Amino acid sequence: MNMPKKLLLGAGAVLLATQAFALPCPPGNPPTNCAPPTGAILDLNGTPVPHQYTQYFTSFVATGTTTNLSFAFREDPAFLYLDDVSVTTGVSSNLLLNPGFELGPVGANGPTDWTFLNSFGATFAGVVSNVGAHSGTNAYYDGAVQAYDGITQGIATIIGDTYNVSFWLNDNGGLTTFSRLSTNGNVTGTGGNGIDLLVYGGAIPTLPPIPEPPLYVLMGVGLATIGWLRRRRQAR
Numbered sequence: 266m267n268m269p270k271k272l273l274l275g276a277g278a279v280l281l282a283t284q285a286f287a288l289p290c291p292p293g294n295p296p297t298n299c300a301p302p303t304g305a306i307l308d309l310n311g312t313p314v315p316h317q318y319t320q321y322f323t324s325f326v327a328t329g330t331t332t333n334l335s336f337a338f339r340e341d342p343a344f345l346y347l348d349d350v351s352v353t354t355g356v357s358s359n360l361l362l363n364p365g366f367e368l369g370p371v372g373a374n375g376p377t378d379w380t381f382l383n384s385f386g387a388t389f390a391g392v393v394s395n396v397g398a399h400s401g402t403n404a405y406y407d408g409a410v411q412a413y414d415g416i417t418q419g420i421a422t423i424i425g426d427t428y429n430v431s432f433w434l435n436d437n438g439g440l441t442t443f444s445r446l447s448t449n450g451n452v453t454g455t456g457g458n459g460i461d462l463l464v465y466g467g468a469i470p471t472l473p474p475i476p477e478p479p480l481y482v483l484m485g486v487g488l489a490t491i492g493w494l495r496r497r498r499q500a501r
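Numbering-wise, the sequence shown is residues 266 to 501 according to the numbering used here.
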């Protein structure tokens with residue numbers, strides 16, 4: 266699983282999903298330097314990239330009776346490992362199902378009890394891996410290129426209660442600082458330096474569609490005006 270990305274092209278690791286991660290990304294295939302969804306409760310942008318397993322912590326206050334815990338990934342030249350995710354209230358046991366991905370299935374984009382998200386079709390999307398786990402056998406292994414993919418799981422929550430999130434993260438590449446976007450001039454492939462992980466606690470993170478270019482708006486106004494004039498002449 267540590268092979269260079271250029272050797273993994275065509276491996277079939279991409280799965281399209283329609284329900285989330287609709288990002289403000291320039292049109293094109295493959296995607297081009299897409300930004301992540303807003304609203305994260307944790308964004309590692311600007312912090313050091315761990316090259317051995319490191320534990321991270323964050324929290325959220327529930328605003329509904331169901332809350333989605335979601336992770337968004339991007340790693341242009343290499344891969345991130347996520348393992349041993351936990352959500353507790355401080356006194357409860359882990360509320361997540363399959364938190365360490367031990368139920369597999371190995372090689373699948375969507376781990377058991379999680380939903381995979383990749384509406385922009387990022388290549389080298391995440392899969393369950395039986396190599397490089399923090400504990401047990403499996404971890405989630407993700408190297409989405411020039412766009413973000415993700416996984417999400419809904420849990421029952423009590424409005425107003427605080428939920429503590431922890432997880433272990435590792436990276437097998439050479440980048441040293443998390444960055445939401447590629448800043449080295451490469452915005453199309455694995456030569457970019459975009460690498461980030463974001464955590465969301467709430468609804469599945471989405472963004473509105475890309476606004477229509479002004480040209481199409483003006484064309485729409487023009488066509489509507491022509492139709493109005495034609496109907497007026499017919500009435501006369």
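Calculated directly from the structure, the hints in this document are not laboratory data.
Among the hints, erroneous ones may be present.
Stated by the list, open to error - Label-pair distances were calculated between CB atoms; the ranges are:
no., residue 1, residue 2, range
1, 423, 454, 44 to 50 Å
2, 371, 313, 14 to 20 Å
3, 456, 358, 28 to 34 Å
4, 371, 300, 28 to 34 Å
5, 437, 373, 18 to 24 Å
6, 353, 328, 16 to 22 Å
7, 363, 313, 25 to 31 Å
8, 423, 451, 32 to 38 Å
9, 453, 328, 37 to 43 Å
Note that this is a predicted model, so its numbers are computed, not measured.
Ideal placement from N, C-alpha and C gives every residue a C-beta, glycine not left out.
Residue 371 paired with residue 313, Cβ distance criterion 14 to 20 Å: This hint is violated: roughly 30 Å between Cβ atoms.
The hint says 28 to 34 Å between residue 456 and residue 358; measuring C-beta to C-beta, is that right? At roughly 44 Å between Cβ atoms, residue 358 and residue 456 fall outside 28 to 34 Å, so the hint is violated.
Has the hinted range 25 to 31 Å been met by the Cβ atoms of residue 363 and residue 313? Taking Cβ atoms as reference, residue 363 and residue 313 lie about 29 Å apart, which means the hint holds.
So does residue 437 sit 18 to 24 Å from residue 373, Cβ to Cβ? holds, 20 Å
Do the beta carbons of residue 423 and residue 451 sit within 32 to 38 Å of each other? 46 Å Cβ-Cβ, so the 32 to 38 Å window is violated.
Practice problem: Starting from the hint 28 to 34 Å, judge whether the C-beta atoms of residue 371 and residue 300 obey it. | Solution: Distance hint for residue 371, residue 300 holds at roughly 31 Å.
16 to 22 Å as the expected CB spacing between residue 328 and residue 353, which holds or is violated: At 18 Å between Cβs, range holds.
>> Does the beta carbon distance between residue 423 and residue 454 stay inside 44 to 50 Å, or does it fall outside?
In response: holds, 45 Å
* Per the hint of 37 to 43 Å, is the separation of the Cβ atoms of residue 453 and residue 328 within bounds? -> holds, 38 Å
When held up to the earlier numbered hints, the structure conflicts with 2, 3, 8 and fits the remainder.
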